[in-house]
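**Q** Dock chain B against chain A, hints included.
Protein sequence lines, in the order shown, are assigned to chains A and B.
Under the working numbering, think of the first position of the first sequence as 1, with each following residue one higher.
Under the working numbering, think of the first position of the second sequence as 1, with each following residue one higher.
No copy labels: a pair is met if it fits in one copy or bridges any two.
List of simulated lysine-lysine pairs, BS3-like, C-alpha gap at most 30 Å:
1. K176 to K147
2. K8 to K186
3. K147 to K188
4. K8 to K157
5. K107 to K147
6. K157 to K84
7. K36 to K188
8. K84 to K8
9. K186 to K172
10. K84 to K147
11. K172 to K147
12. K133 to K172
13. K188 to K176
These are computed hints drawn from the structure, not numbers from a lab.
2 protein chains.
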Amino acid sequence: MKSPGSRKDRVVLDTSLFVNPDVRNDFGDSPTEAIKGFLKIAELIEGLEFYMPSSIFAELLNFVEQRRIPGSFLAVMNQRSPSKHELTCPAFLLYELIEDIRDRINKGLRIAEKAVRNAGKSDEREVIQGMRKSYREALREGIIDSKEDVDLILLAKELDALLVTADHGAIKWAEKLGIRWLLPNKFKDYLLSFIVDKEKQ
Amino acid sequence: MKSPGSRKDRVVLDTSLFVNPDVRNDFGDSPTEAIKGFLKIAELIEGLEFYMPSSIFAELLNFVEQRRIPGSFLAVMNQRSPSKHELTCPAFLLYELIEDIRDRINKGLRIAEKAVRNAGKSDEREVIQGMRKSYREALREGIIDSKEDVDLILLAKELDALLVTADHGAIKWAEKLGIRWLLPNKFKDYLLSFIVDKEKQ
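The shape of chain A in the complex, shown without the other chains:
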């Protein structure tokens, strides 16, 4: 436990906490309710600061009834981007990323070739739908594939924060960069532990 004078610990949040139904129900039945449920707990915690990259925050707003979000959410959930023009990443990660993408690109081509060979044999629409699914799985799952993902990872690194995400690509990079991470479905217990701790003091 931190002493009262120590810096607050920081947490960087992904949207899945509020948007993904498997996790969100810990906090509320809809994204809007989940935010309100989170806020109720977060406001009781003095030892944590909450952050969300601006790009992720903007995504989240698409899922909520904005007029029903309490103003205090903006005070509790700090929005900011990582300092992308000052931060650096280790060069060996560049190698791993390029090699990973190269393998995936080759895999994507093999999936496409298979689909062309199947095109005569079955329904064209089904073949295309099946191919899309396999292609996306091969090329995008378990990899950082958007600037929002990069924002999450770099902000957590910059702030030396705990990253709360269910994204496999982001978790993989958190592991490479020495970033603490937690699955969203453990997050409510994590938060509550701060309140219990306080009551024990």
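**A** Positioned in the frame of chain A, the structure of chain B alone reads:
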């Protein structure tokens, strides 16, 4: 021109200088002859040091008659890898790379879908061949897509060297990282200028 006491300027070379027929002919009719032609000039130049990433050097050896390469090539052409566990790259490059790849992946899928739709209409083998070509162009041209490319770029950056390459992906990154670069077909003139300069002294 550098004063005699100043550090020698450094040059990092890609294989294309010796392997690509459009360029190689400046130095010799085959990769082996091109190396010998290059050596003849390079040995007259005191003001330059030549480097090749070990991975690129290994590639080059596949193209040459190894027993006909003079031992002095190993003395003139320094082989080394960049310090990949010490070097860093600016984070904004990670964003650009991820966004670029994301666009290319989407483009690859559209190419594959088009091929499936054409599969019934024309010869399957032709459709697959055409798709392969378009797919590779869309996903791999103008992008750094191998660890050898990363080696080239990072070694040039680490050594503050001139990068001699015809690879569009490598040139694009050289531009982003402030690395001097030169097309291989200008390289012989570049080298000769050092000899002329010397004669004028």
